[in-house]
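2 protein chains.
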Amino acid sequence: MSVLDRFSFNHATAKFWDQREAVEACARTGSKIGLWREPVQEFGLEATAKLVKDAGVAVTSLCRGGFFTDPTPAAIEDNRRAIDEAAALGAPALVLVSGPIPEGGTIDSAREGVKEALARLAPYAGERGVTLAIEPLHPMFASDRCVVATLGEALDLAAPFPAEQVGVVVDTYHIWWDPQVWDGIARAAAEGRIASFQLADWITPLPAGVLTGRGQLGEGCIDLKRYQETVDAAGFTGPIEVELFNDTLWARPGQEVFDETRAAFARALA
Amino acid sequence: MSVLDRFSFNHATAKFWDQREAVEACARTGSKIGLWREPVQEFGLEATAKLVKDAGVAVTSLCRGGFFTDPTPAAIEDNRRAIDEAAALGAPALVLVSGPIPEGGTIDSAREGVKEALARLAPYAGERGVTLAIEPLHPMFASDRCVVATLGEALDLAAPFPAEQVGVVVDTYHIWWDPQVWDGIARAAAEGRIASFQLADWITPLPAGVLTGRGQLGEGCIDLKRYQETVDAAGFTGPIEVELFNDTLWARPGQEVFDETRAAFARALA
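Quick note, the sequences are listed as chains A and B, same order.
Counting in our numbering, the first sequence runs from 3 upward without gaps.
Counting in our numbering, the second sequence runs from 3 upward without gaps.
Since the hints were made in silico from the structure, they are not lab data.
Be careful, since some hints might not be right.
Over the 12 angstroms line for every Cβ pair with chain B, so calculated as not near, a few chain A residues [as the list claims (entries may be wrong)]:
id	residue
1	32
2	43
3	49
4	75
5	118
6	125
7	164
8	192
9	194
Now the stretches of chain A that chain B is said to cover, found in silico as 3 or more residues with beta-carbon under 8 angstroms [said to hold, decoys possible]:
id	stretch
10	10–18
11	138–147
12	169–181
13	209–221
The beta carbon of each residue, even a glycine, is placed where N, CA and C say it ideally should be.
Extracted from the complex, chain A is given alone in its bound form (with noise of 0.2 angstroms):
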């Protein structure tokens, strides 16, 4: 088995790239494909499950989820309605972006809130076989974005709930900075967490605002092929997803985007 056998191609990489050309590239050359809500529900719900499903391609994740630091019923509501679509989509993982600092609170009032939306949403996803996909962010979106910030701290979010229930996302772009990464990820597949694998590349200087960042593989510092084989020599077998914030590669027609990530994908990880 090559490891491009494992390339799955997020959308986000190609943000504004059609969806329907997106999955045919995926199918075209044996990729498989992670999904976003709002493309998803633009096209429609049925038939973009419709769509993968034709096409033969696999769907290894649906974003996002989360945004539930103050876990209101309109958000755990939210966070069902998108359980049910990465459910019809046979994506196996939500992947949750935590949320922001609520107004009036600190990180650590909103790392309770986070806590108490998992509690309300695990079984619901447990019975429609999705696992949420706790995505550690970079600490620089720690108060307006994600006040989840580190690979252990999602494992510690992780730990009441079934494996089946709750796992974690394991992003090169958002980790590779912490000393305990690697330890991280040993525990995070020994406790058979890991959810979603991704990768993206750290390049500076940081853009203004600092979300549309994210470099191609094999532009920037991250040793990405150490990350695979620690995760692989963990034990685990899935998916490879490779997910780029960059304005840069928004602004380039889709398909010249997928050929280009697909190639360095296989350079990064030979």
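We have chain A; now place chain B onto it with these hints.
Below, chain B alone, put in the same frame as chain A:
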């Protein structure tokens, strides 16, 4: 004793303010000062030492040494000079920003370079009454500025050396997102390693390049009072420095920034 008696104004908060005026403002208000090597060199090392001594202003730290992830003879020699300068100024701590990932290296190899550099500098610093203060920087700086990214990592790096030789910087801006931060502060205090305690607030959006986005105290999301209480409860009674890298502050008159910062400090820790 009022908390204002512990206020130290880091010169970088009003980066372009004349050093003499900054020292005089501190003298008038019973404040302490954190100095930077470049303005000290411009003013003259001996002249600066005389300036602060005559004004009766305590120097709480000198910024900065470090940038020794590739511990070349030149890097070590420059750090020895920085230690000498700190000693001449009566600064008890030399703040160390460890440096970037060297060309062709990884973050792990860079961290080995830091260990080596510390081993070569620690006794030299101790003999001169200067504590090397390892500053963990926010992980968004981990590739191009400082490979030491958490308080726990800084403490692990300091562990082989006597506390009077090597300590750490507790800077709220860099560590506030860390789920292990409270344990880290307790450990730092228990080991007598808090060589510098600095405050800055976290605000978003971050500017391009992310270096100059530090918020005035009280304008961001960090529970600064809790940090002071935690550090105090752990037995730290030293100065509390305010160091803000912020383009908007840097564009304003130094005296105005000094007055505003001192007032914000009093409010934040009231």
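* chain B versus residue 164 (chain A) - minimum CB to CB distance exceeding 12 angstroms, so not interface -> Non-interface label stands for residue 164 (chain A): nearest chain B Cβ at 23 angstroms, farther than 12 angstroms.
* Asked: How about the stretch 209–221 of chain A: do at least three of its residues have a C-beta closer than 8 angstroms to a C-beta of chain B?
  -> It holds, with 4 qualifying residues against the three required.
* Per the stated criterion, does the least C-beta distance between residue 125 (chain A) and chain B lie above 12 angstroms, as a non-interface residue requires? -> holds, 25 angstroms
* Check on residue 192 (chain A) being off the interface with chain B, judged by Cβ distance over 12 angstroms -> Label holds. Min Cβ-Cβ 20 angstroms, cutoff 12 angstroms.
* Asked: Is it correct that the beta-carbon of residue 118 (chain A) has no partner in chain B closer than or equal to 12 angstroms?
  -> holds, 17 angstroms
* Mind checking, does the stretch 10–18 of chain A have 3 or more residues with a CB under 8 angstroms from chain B? -> n = 0 at 8 angstroms, threshold three: violated.
* Examine the stretch 138–147 of chain A for residues whose CB is less than 8 angstroms from any CB of chain B, and state whether their number is three or more. => holds (count 6)
* residue 49 (chain A) and chain B, when compared Cβ to Cβ, separated by more than 12 angstroms -> Per Cβ check, residue 49 (chain A) is outside 12 angstroms of chain B; nearest 36 angstroms; holds.
* Beyond 12 angstroms from chain B, beta-carbon-wise, is residue 32 (chain A)? -> For residue 32 (chain A), whose nearest Cβ neighbour in chain B is about 32 angstroms away, the distance exceeds 12 angstroms, so it holds.
* Asked: How about the stretch 169–181 of chain A: do at least three of its residues have a C-beta closer than 8 angstroms to a C-beta of chain B?
  -> Coverage by chain B holds for the stretch 169–181 of chain A (4 residues, Cβ < 8 angstroms).
* Assertion that residue 43 (chain A) lies outside the chain B interface [Cβ separation over 12 angstroms] -> holds, 27 angstroms
* Is the nearest CB of chain B more than 12 angstroms from the CB of residue 75 (chain A)? -> At roughly 25 angstroms from the nearest Cβ of chain B, residue 75 (chain A) sits farther out than 12 angstroms, so the non-interface label holds.
In the structure shown, a violation is registered for the earlier hint numbered 10 alone.
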